[in-house]
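Participant: So the chains spell out like this:
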Amino acid sequence: MDKIEVKNVIKIFGHNPKEGLKRLNNGESKDKIFEETGLTVGVNQASFSIKEGEFFVIMGLSGSGKSTLIRLLNRLIEPTDGEIYIDGEDITKMDKHHLINIRRKKLGMVFQNFALLPHRTILSNVEFGLEIQGIPKEEREKSARKSIEDVGLKGYEESYPRQLSGGMQQRVGLARALANNSDILLMDEAFSALDPLIRKEMQDELISLQDRLKKTVVFITHDLDEALKLGDRIAIMKDGNIVQIGTPEEILKNPANDYVSNFIEKVDRLKILVASNIMKKPDIVATWKDGPLMAVRKMKEAGISSIFVVDKERKLKGLLTIDDAIEAAKKDQWVEEVLQQGFHTTSPDTPLSDLIAIAADTKYPIAVTEGEKLLGIIVRVSILSGLVLGKEQGGVDS
Amino acid sequence: MNYFYLPLERWTNTFVNGWLVPNVGKFFDAISEGIGWFIGLVTDLLLFLPPELIAVAIILIAWKFAGKGVALFAFIGLLYLGSANIWDEAMQTLSIVVVATVFSIIAGLPIGILCAKSRTADRIVRPILDFMQTLPSFVYLIPAILLFGLGGVPAVIATFIFATPPAVRMTNLGIRQVPTDVIEVAQAFGCTQMQLLLKVQLPLAVPSIMAGINQTIMLSLSMAVVASMIGAPGLGSLVLSGISSVNVGKGLVGGLGIVVLAIILDRITQSLGKKNNLK
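Chains as they are written, first to last, in this note's numbering: chain A, 1 to 398; chain B, 1 to 279.
Chain B on its own, in the form it takes in the complex:
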């Protein structure tokens, strides 16, 4: 099949090393600094506050939105994080998840809205999302390291790339699913496009959007181990060092911590979507 040779490897390297890094490096440095600052802020806050305070807050939120059962689970789970001596790691992971999710929402919602409103945008964005979700994350970890260095920043970038698609897709879907007769009502009463979006389409799309955000958070957590490979601190690095030293116990301790965070975050965000639906 090799009728001709495609020098994709050489082209890419020439492009990234020869042009992208020297020319746009400054720009990426600025981004890196910004994201790094944000991660630092969230991490510092989570590590500065006493664990008891954070735990009580999480349990209360779980109680209010997701019920007693989830609150009880949160209590046991958070107690585990403390007792297993992995609280700080959990907060580091949480802060990367929080920062990546914030970026995913900031980018995902408007793009999702755009896709719902414009067929052309939808056609362009759809394959890009497929690409983002299926391309093995290691592939973009390499340029991420080149451009952003090691640590939390490339981890957030990689997580962002992997976790944004569901936010876009579910926002798009939610808006498209708004019944046509309700749209007709809004138009018949003289809504502008903006009013239609803000007063009718987005409120009715909330359950779907919340499901998308829930997915985004779950995917972010699933990136924790991968992120640790490029130097992001947290529960993932526990698992990673467990793997490299064939320490089953260490791997399990870190892994369970990720599961605890995942279940608490999942149940709370899911119930937020349902609450809105019922209203």
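Next up, chain A with everything else stripped away, as it sits in the complex:
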């Protein structure tokens, strides 16, 4: 049985949603309905199911209906039509009392703007979900302290939200959702309000938390990179419709329509990126006059086990491994034969797709050369990060 199952869910905003529903069933378009009745179709016949422990990402641009869709899952917004099953129970048919129970026990939620209670301490914010369930003070405090620790905020229990940075506030938001110990975590653009570095950090932590806790996560984002990084499966939304559902690979490989392929164009990097986009500037090279000890020192400083050696004109002479360099230093033999020549060179305009093949059968970095001059170095990590991050970040670190 799937953890969450959504069947033909429709949300129409406006005064007479029944009318909109009728027209929708007659096959009228969303735009036509809006023009003639003023009704807005927020979510149009969404169907999907999410397995237990799955990380399910819903992505789309603003106005695509993704935030509406996640609020339908706990009925913060009432669906106009359709069925939503959580653990096999249709929540759209539930009475208030039963629904409140499901929200308390099964659905935790994290919000884009953190939405902490400003008059309560961090500890008391995290306790909130348990407090309204009437759980005794001692028990809920224990559970809250544990989830505060889980998100790395130990020591801030008695602080107030306004004393914390945005990233820390969202950790509190996450802890609050975790403290309830619900199986399902709804995350509405949880990291969108954070700056990029903090966002990346939070993504990584969420991944490791998820490895441990194995929640069923529904994660909303407008950022494709975030979706690809986090999602086991991704649903792409446009204008209230789900246009494609699949694993990141499936979506990258077979985009369902132009909308999706436009979206992922920027990640179809195999064809777009070339060697010069992802290569590292050859800051760490040895010059021939350095001698073996200097080369060892440079390798040690950079934490690498081999180094390219160039002459005064930056022409590439060969590759020096650390073993060879130590050997040469011991024997005091500094001759060209010490240098390895068994590495690959490539021109700066070689596409990434070709580089993958080269990288697969060498243990040394690839040298990017023009004429004989060394322009840059490509290590395997650069290729992988180029694939994931694109040229902006791909070449920066290895």
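For the record, the hints were derived by calculation from the structure and aren't laboratory data.
Check the hints yourself; a few may be wrong.
Stated by the list, open to error - Some, not all, of what chain B presents toward chain A, calculated at C-beta under 7 angstroms:
hint	residue
1	189
2	190
3	191
4	195
Please read all numbers here as calculations on a predicted model, not as lab measurements.
For each residue, glycine too, the CB sits at the ideal point set by N, CA and C.
Since chain A is already given, all that's left is putting chain B on it; use the hints.
Facilitator: Same frame as chain A, now just chain B:
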């Protein structure tokens, strides 16, 4: 413009004198007795306690919540009330303010909450509040005298009518101003309506509610002179007798007393709202 004659005067008199007073008079007598008892209790307490004790208590409260400056002002102001020989009058005024404010809060808060929760209630209550605040107070003083007699009770009723609207309005506003995302959190975690109100909406509305109570107290004090016209004892009656005997000095002595009470009460209640906000 007089196409027809509207006998509003006669209707009102017939209604009040012919029906309201004879039929519901007993009911109003009971209310009158209750309010009178409450006023008596507060006045007796304030007059029974030694002035020094009350002054020290007020100064300490001012110090704790509003800081040194206000405490110093309270000291000088209260010293003035004693030295000008108007302490008893000030306590009588204070007790009417206290009783009227208590009633205003008891009525205003729930009505404010109701207005915040229900659009219909808001639509009905809003014009009534406008009416209460703009209708000249003398207009309802007349039936108040008929129904409650002279003295402190009709004064409290008149003050209540004039001073309750801000308590209702600011409670309503405070609850409506609670950010929607916080409401969503409460609902997503499974709050009942009551929990939402008690644990989220009211705590976040406290600064606004306190501002409303502050306004209520200020308006109550501003009614002191009017209240004295229907026989309420206190600083207002000093001012009133100053007016009727063209005694400028007497009027000033009473008037300054009202100002002293107003500033002390204003600063203390304002700082209470801020304290809560900061927390």
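Participant: Would you mind marking each hint as holding or not holding in the structure?
Facilitator: Against the structure, the hints:
1. The interface hint given for residue 189/B is met, as the beta carbon of that residue sits about 4 angstroms from the closest beta carbon of chain A, less than 7 angstroms.
2. Look at residue 190/B: its Cβ gets to within about 4 angstroms of chain A, closer than 7 angstroms, so that hint holds up.
3. Because the beta carbon of residue 191/B sits about 5 angstroms from the nearest beta carbon in chain A, less than 7 angstroms, this interface hint is met.
4. With 7 angstroms as the threshold, the beta carbon of residue 195/B comes within range of chain A, its nearest partner Cβ sitting at about 5 angstroms, so the hint holds.
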